[in-house]
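Colleague: Sequence:
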Amino acid sequence: MNHPILVPPKLRRGDKVRFLSPASTPDRELVMRRAKVLEGWGLRVDFGAHAFDKLSFLAGTDDDRIADLNLALADPDIRTIFATRGGKGSYRIADRMDFEAVRRDPKFVVGFSDITALLLALQRQCGLVGIHGSVVEDSCAPANIVLRGLLMEDKETVLAAVPSESTAALTTSGQVTGRLIGGNLDTIAACAGWALPSLAGAILLLEAIDMQIGQVDRQLTMLRKAGHLDGVAGIAVGQFTGFKPSSGGLTVVDLLRDHLGGLGVPVLGGLPIGHGEGWFPVPHGASATLDISAGTLTVLLPGSARP
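Take the sequence shown: its letter number 186 is residue 751 in our numbering, and every next letter is one higher.
These are calculated hints, taken from the structure and not from any lab test. Here the structure is a predicted model, which is why all the values come from computation and not from measurement. Don't take every hint at face value.
[What the hints assert, rightly or not] Listed below are the simulated SDA-like cross-link pairs for lysine to any residue, each with C-alpha atoms no more than 20 angstroms apart in a straight line:
(1) K809 <-> H840
(2) K575 <-> K653
(3) K653 <-> T626
(4) K653 <-> D627
Take the sequences, apply the hints, and build the full model.
Modeller: Laid out in structure tokens, this is it:
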């Protein structure tokens, strides 16, 4: 059973936020530029003790990364947590988060790609609404304008499908409302059975980058046959980037249509969500509506008063 939707309080000028690295090591210069963007919003920015550690493909040991994350989740002075990047590794620690601290004092976790594991686990254990997205270096970038609105203002998010995106060809018909849950397909599959929340009645968000078509086939097959897609209300398909047709000419869109078409639910493709150009942040775990005829995904993120 899904938990009631838990929406963190909005940020206010003067609030402290923290960059952490739950997955791979970031580029320090890029993180500092992103910190300047947040400071321009009137926020105070600091960094986890191990934010720039490096251990092979990880930003330090599992124990150090989860210690940084749990310290920030339990610290009442930290009002939002920003992942410095994705990469790999969040799935190694997602089950070790301090969920009791989250329930006592909910705060936004912002990230995407591999950070999908944290967003899914927080939704499964607490019903917490997070942000699938990131800060970018350009303070005037449209993605930053939307992100600031999500974190600091009471605005609904309306994303229009982009006809030039390859996944736009998957669009069907209908309209549906449900929680928006999902993100990076590779990470969703890695979380199945332990961190993936129930998708019954939900709108499943899918995006992917730099995978082989066979990998997508294996992952979607597993999710379907294991029952994880049972009861899903609709599918919001974002950007599938870095794919080439198979030797027989099969494209990733062909493959997605084969798997998703049998679910018999509304599908809206071509959404600007993922790793491609022109992507936008979107609330994860909040109530959303897919309107296929309008070609829009609308996500309601109501304000929440801080105690």
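Colleague: Would you mind marking each hint as holding or not holding in the structure?
Modeller: For each hint, the structure was consulted:
For the suggested pair K809 and H840, the alpha carbons sit about 16 angstroms apart, so the restraint of at most 20 angstroms is met. Taking the CA atoms of K575 and K653, the gap is near 29 angstroms; set against the 20 angstroms cutoff, the hint is violated. Pair hint K653 plus T626 holds up; C-alpha atoms about 12 angstroms apart against a cutoff of 20 angstroms. Between K653 and D627 the alpha-carbon distance is near 12 angstroms, which keeps this suggested pair within the 20 angstroms criterion.
Violated hint: 2 only; the structure is consistent with all others.
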